[in-house]
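> All chains, please: the whole structure from these sequences, using the hints.
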Amino acid sequence: MHGPVNEVIQFIDLNAFNIIFLFLVGFIGGLVSGFIGSGGAFVLTPAMMSLGVPGTVAVASNMCHKFPKALVGSIKRYKYGQVDIKLGLIMGVFAELGVQVGIVLQRHILEIWGQAGSNLYVSLVFVFVLVVVGSFVMRDAVQMKHAVGNSASPPIAKRLQKIELWPMLTFKTANLRISLWFLVPVALATGMLAATIAVGGFIGVPGLMYIIGATSIVASATELVIAFVMGLGGTLIWAYYGTVDIRLTLLILAGSLFGVQLGAIGTTYVKEYMIKYVMATIMLIVAVSRFFAMPKYLNALHVTSFADGNVTVMTQISFGVMCLALLTGASIILVSLFKARSLEQAIAVRG
Amino acid sequence: MGPKDIKNRAGQSIVNDAITNAGSSPSRQEKTSFILVVTRNGHMAEAVMNYAVNVADHLKYRILAVHIDTLPFFGDGGKRSNLFTAAMEESALLFREKARARDVVVEHLGESGKVGKVVQRLCHSEKRIEFVVIDQGIRMGEVAAQSPVPVFSVIYTQARTIHTNKARSHKTLEKGEPSMSTTSRKRHVKNCFVFGALTAGLYAAVFTNQNFVMTYFTKGGVYALLPVAVVFAVSYLHGNFTSAFWSALGIEGSKATVRKSTDVRPTVPASDAVRKDDRPRAQISV
Numbered sequence: 001m002h003g004p005v006n007e008v009i010q011f012i013d014l015n016a017f018n019i020i021f022l023f024l025v026g027f028i029g030g031l032v033s034g035f036i037g038s039g040g041a042f043v044l045t046p047a048m049m050s051l052g053v054p055g056t057v058a059v060a061s062n063m064c065h066k067f068p069k070a071l072v073g074s075i076k077r078y079k080y081g082q083v084d085i086k087l088g089l090i091m092g093v094f095a096e097l098g099v100q101v102g103i104v105l106q107r108h109i110l111e112i113w114g115q116a117g118s119n120l121y122v123s124l125v126f127v128f129v130l131v132v133v134g135s136f137v138m139r140d141a142v143q144m145k146h147a148v149g150n151s152a153s154p155p156i157a158k159r160l161q162k163i164e165l166w167p168m169l170t171f172k173t174a175n176l177r178i179s180l181w182f183l184v185p186v187a188l189a190t191g192m193l194a195a196t197i198a199v200g201g202f203i204g205v206p207g208l209m210y211i212i213g214a215t216s217i218v219a220s221a222t223e224l225v226i227a228f229v230m231g232l233g234g235t236l237i238w239a240y241y242g243t244v245d246i247r248l249t250l251l252i253l254a255g256s257l258f259g260v261q262l263g264a265i266g267t268t269y270v271k272e273y274m275i276k277y278v279m280a281t282i283m284l285i286v287a288v289s290r291f292f293a294m295p296k297y298l299n300a301l302h303v304t305s306f307a308d309g310n311v312t313v314m315t316q317i318s319f320g321v322m323c324l325a326l327l328t329g330a331s332i333i334l335v336s337l338f339k340a341r342s343l344e345q346a347i348a349v350r351g
Numbered sequence: 001m002g003p004k005d006i007k008n009r010a011g012q013s014i015v016n017d018a019i020t021n022a023g024s025s026p027s028r029q030e031k032t033s034f035i036l037v038v039t040r041n042g043h044m045a046e047a048v049m050n051y052a053v054n055v056a057d058h059l060k061y062r063i064l065a066v067h068i069d070t071l072p073f074f075g076d077g078g079k080r081s082n083l084f085t086a087a088m089e090e091s092a093l094l095f096r097e098k099a100r101a102r103d104v105v106v107e108h109l110g111e112s113g114k115v116g117k118v119v120q121r122l123c124h125s126e127k128r129i130e131f132v133v134i135d136q137g138i139r140m141g142e143v144a145a146q147s148p149v150p151v152f153s154v155i156y157t158q159a160r161t162i163h164t165n166k167a168r169s170h171k172t173l174e175k176g177e178p179s180m181s182t183t184s185r186k187r188h189v190k191n192c193f194v195f196g197a198l199t200a201g202l203y204a205a206v207f208t209n210q211n212f213v214m215t216y217f218t219k220g221g222v223y224a225l226l227p228v229a230v231v232f233a234v235s236y237l238h239g240n241f242t243s244a245f246w247s248a249l250g251i252e253g254s255k256a257t258v259r260k261s262t263d264v265r266p267t268v269p270a271s272d273a274v275r276k277d278d279r280p281r282a283q284i285s286v
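Residue numbers (our numbering), protein chains in the order written: chain A, 1 to 351; chain G, 1 to 286.
Mimicking DSSO-like on lysine-lysine, the simulated pairs with C-alpha atoms at most 30 Å apart in a straight line are:
1. Lys255/G <-> Lys86/A
2. Lys255/G <-> Lys79/A
3. Lys145/A <-> Lys255/G
4. Lys190/G <-> Lys339/A
5. Lys255/G <-> Lys339/A
6. Lys79/A <-> Lys186/G
7. Lys186/G <-> Lys339/A
No lab work stands behind these hints: they were computed from the structure.
Written as structure tokens, this is what we have:
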């Protein structure tokens with residue numbers, strides 16, 4: 001199903017296991033996306049790669065599934081009044097620029113180092129971003145949980161919002177006023193990351209929260225708009241090179257649209273720190289998973305020479321840990337959703 | 001303000017009733033002060049009435065309320081004039097009630113002609129008019145140019161809320177919520193089946209023609225639009241299906257959502273939130 005080094009883009013055969021797996025992963029990925037605004041993809045890209053889908057096809061098919069999911073999710077969350085469309089569209093346009101830069105970079109890597117190099121690069125970026133940002137978000141979530149009352153906007157965001165640099169933009173739903181010059185770097189970084197690992201939200205959502213100063217609910221909802229804009233642009237380009245596997249996209253979408261609706265519903269029940277908490281938990285566990293996946297690509301590039309048996313075990317561990325990440329995130333969301341829901345119903349019954 | 005011949009008024013007036021409270025008819029010898037309240041509408045605005053009654057009560061003045069029919073010869077066979085008269089009578093009744101509550105005397109006149117001319121004439125009549133209050137629909141300049149006394153206009157925004165009762169009645173729907181949600185539950189189930197069937201059809205079409213699809217959809221170039229078009233269709237059909245699916249199962253967003261999302265946000269600086277002053281207020285022009 002999957003050769004060690006494939007210089008030519010290769011599409012996988014679909015069997016019953018793959019179909020069910022993609023549906024389930026799609027559902028859980030969608031659940032996570034609907035809840036934290038992104039991140040279905042960070043689970044899905046490696047999941048597809050675990051099935052033997054080449055990195056480029058995985059990223060392309062993933063991006064193609066991302067924008068319809070983001071569209072559905074943002075419409076749902078807009079109905080709950082959580083989306084700042086203006087912020088999302090402006091960030092989306094600049095993120096799109098970042099995507100273009102990222103795509104060029106990715107194609108260079110594919111040309112220079114081949115498929116294995118491309119896979120390794122994707123995994124490396126994954127581990128780096130997940131560990132750094134994930135631990136920061138986790139620390140904040142824990143602090144927020146123990147803090148009394150609502151915490152004010154983060155200090156960096158507060159300072160940046162005070163700087164009057166033309167053109168200043170006002171965002172009503174996000175309830176903040178900030179210069180365009182601070183939005184652009186966040187948006188560009190979001191786009192570049194999105195093009196590389198198909199999930200810009202790991203820069204986008206923390207960026208919106210800590211640099212721009214939006215609440216985690218608005219940040220995660222607005223990220224869906226950004227994801228839609230750059231997902232659409234990115235998909236058109238990946239599809240232009242013929243790397244989108246529409247069957248994979250549709251299978252993931254089948255599950256993820258169920259998930260994204262449920263995830264969006266979930267945000268209306270939980271406390272703010274829960275979004276950060278879920279995000280950080282999933283990021284850190286997936287980072288561990290990708291770390292175990294790296295020897296395979298390193299071997300393929302003849303950088304290291306692990307024994308074949310060890311590589312197989314590590315690949316399996318990687319796969320298992322990723323499943324754990326999925327299940328952990330999903331169960332936190334589902335448990336907190338249904339707990340809060342039954343609590344609300346109990347209160348309603350008591351009057 | 002000497003007395004002036006007002007005989008030509010009788011011919012044009014539609015109603016010329018002095019509506020006063022029992023036992024308090026104005027004595028011309030005392031030269032009681034009047035507030036002249038003028039409208040060209042059938043129904044005088046309540047904000048204007050309230051303002052006039054308030055001021056009259058404070059200053060111990062009386063009110064001369066005048067409805068001016070500015071188009072007495074409107075070419076519709078007297079229909080407009082009749083309507084105007086009917087409205088004026090209603091309005092006069094309301095004004096009288098409001099005034100009675102505050103022990104204020106209201107005299108009522110029906111006039112016709114140009115507003116400025118009528119005001120000028122009345123001010124020069126035997127009544128001692130201290131100032132004029134005009135209703136909406138009358139241009140300040142028109143009156144101020146002809147009036148020997150100060151003219152006030154009453155700016156009000158409350159009138160709008162009187163007409164928006166329909167919008168406010170939405171709140172009462174909360175009482176019927178259980179029945180509302182059961183009917184919409186049925187709608188969700190129906191949507192679920194309709195969009196579910198359409199989604200299934202689309203998926204079947206793609207997967208039964210896998211070879212064809214994979215050949216053309218991965219060709220690149222202009223063919224890139226094919227996968228994009230398909231996923232847009234899926235997001236509409238499947239998106240509606242999944243939304244209806246969870247709603248049909250009764251899993252919907254928290255009812256406290258709106259409150260929560262506003263609670264979370266930091267408070268808006270006071271300078272941004274200047275409250276709109278919707279009290280009636282007077283504007284002077286001498």
